[in-house]
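Visitor: Let chain A serve as the given structure and place chain B on it in line with the hints.
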Amino acid sequence: MQNRFGRDAFALLVTAGVLVWLTPLVISTYTLTVLIVYGMLALSLGLIWGYGGILCFGQAAFFGLGAYTYAIAAINIGESTLPMLLAIVVPFVFAMMLGAMMFYGRLGDVYVGVITLVVTLILFRFINSTAGPQFVLGKARLGGFNGIPGFQTLNVPGSPDSYIWGDGLYYFAAAALVVVLLLVSWLLASPFGRIAVGIRENETRMALMGYDVSARKTLLFALGAAIAGLAGALFANWAEIVTPSLFSLGQSAEIIIWCIAGGLGTRSGPIIGAAALAYLKFLLGQQTLVDNTVIMGLILVLFVLFLPKGIVPAVVSGWTMLFGRRGAGKAAALRRNRAGRGAVNHG
Amino acid sequence: MDLFAVILVEILYSIASLILISAGLAVVFGMMKVINLAHGEFMMLGGYATIVAVNQGINVFIAMLVIAPITVGLIGLVVERLVIRHLYGRLVDTMLATWGISLLFIGLATMIFGNTTTGISTPISGFPVGAYQINGYNFFIILVAMVLVLGLYIVLKLTRLGLIARGAMQRADMSAALGYSPSRIYMATFFCGAALSGLAGAVLAPLVGLVPTSGGAYIAKAFITVIAGGPSLISGLASSAGLFGVTSQVFAFSISPMAGEIALLVAAVVLLRLMPQGITGRFFKGKV
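Just so you know, the sequences run in chain order A and B. Position 220 of the first sequence, counting from 1, maps to 220 under this note's numbering, and the rest follow consecutively. Position in the second sequence (from 1) plus 347 gives the number in this note's numbering.
Here chain A stands alone, though its shape is the one from the complex (with noise of 0.2 Å):
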């Protein structure tokens, strides 16, 4: 097992390196950057629903929650190191909170769902009359449905003045991922990812063999909550403001069509998806012959009906029946059915 993520993290930092001093060849970092935080925000429910059963309507909430959360500890203290792990710890505690109230009340999928996309409303909601000036949170004005521009982006530990920016924003970036990526497999790898697979192919079995589902799945979801955080965060220093539609519910449906198209259940699935799709929106954003909501939509309709497992696990099952050795074949089947096949639980 542990040999197994070793080499899993090997092959990971390899393809990273080599990725992220690739890609500005083609791509600007600017872009680049934004694909990357997207990445970031699809592997955040790619854990949660791929490996826990979570269905969550609303990680949006907990993405616009880290960007707001970052704007106004940054404004207040004027250096970005505590915002950062500010905004991370927030939409954590936040997600715990809710997730307690959810998963202890033993609700059902479609009621999880529901509850969560209410949630991201009444955030929505709120932020959007936050426009006069009552609404101050130290020196931070919430700013209703303007946002908050102008605050302290991210800065070299210690020294606010040297920013860090552009291509440095860039690195920075892709380390972050990197390093959330390598979590979340150390995570899966250990028995706390194990039982949470477990948990979404057959929760009440899991319950019966003695382990607590509803404080892992809490755990989890908050885990989750917290990636989605961070990149809410990095967005925030990307784009040098936050606005509401970081709430809103579009934003929230495109997380899931990531999810969706590049495969549930896997881990570079969610990511590619994203960056894929995100920046197949970035070139339909160029032209005006077709409104790219209309792609977006059928794109998600056509996933549905036609490749519901998404992407990855396709081409990884076309590539072992073409190249794959007997062997080798039977062998990556075994791990994928051990590691579960990703399928979600259509109950």
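Hints are computed from structural coordinates only; laboratory data are not their basis. This structure is a prediction, so every number in the text was calculated from the model and none was measured. Note that beta-carbon positions come from the ideal geometry of N, C-alpha and C, so glycine has one too. Heads up, some of the hints might be wrong.
[Unchecked claim] So the derived list for chain B, only partly shown, Cβ under 10 Å to chain A, looks like this:
| hint | residue |
| --- | --- |
| 1 | HIS433 |
| 2 | VAL439 |
| 3 | ILE453 |
Guide: Relative to chain A, chain B alone:
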């Protein structure tokens, strides 16, 4: 006294509009266990159908009560045949597919009608009550909602068609064995649900400025009302719409309209936590 009358009308109106917004979704979810996230966009299309028809010189009531429901019903029929019928029984997948459909409709509406606000004026004028002004159109909406609930009840409970539909929903195999095609019944039910959504969108169109994204404002409310209502279609719809309507209006009048909106959402979260099966999962069991 006047204020009391105004508040009473507002509360009734709020309940009625919640019923209207949710009826289409309730039929589709309550009968077929399909959560149609494109419901809001069906309403938006109903609104546009009305506006286009009125601009062609058709009487506004005919446009709202006849043309819009039929148009949207037919669109729903196409959607059901092309997408949803492949996904029956896969709750999460239908949610995702219908979400995709909703994005598709938003995009198409933006391409056709543009990203600008359109609207028509309310066909019924307001009248004063003491020092206050009441919107006469509110009474029309209350009336439509009452007729709708009554009509649904009569169709489902007292007609043979309703009996067959309810039977097919409970045991599709049994009704197939008795000679009714479940596929056709699902199709017809989805048509009715979509038509109800179109009707709601049309009736509410004069009150709101319509943009291609207006559907999003309805879907969450409709979704909450239906889920909180629980398994019984009509009593669930009426009870949860009543509860949420009163809650939101009380908060709206005592604090602010925004507080009303947020109170509704908080009430929904608390309610679902206490009664995960919805109101009719605990009370009024076995009613329609």
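Visitor: Of the hints given before, which are not true for this structure?
Guide: Violated: none.
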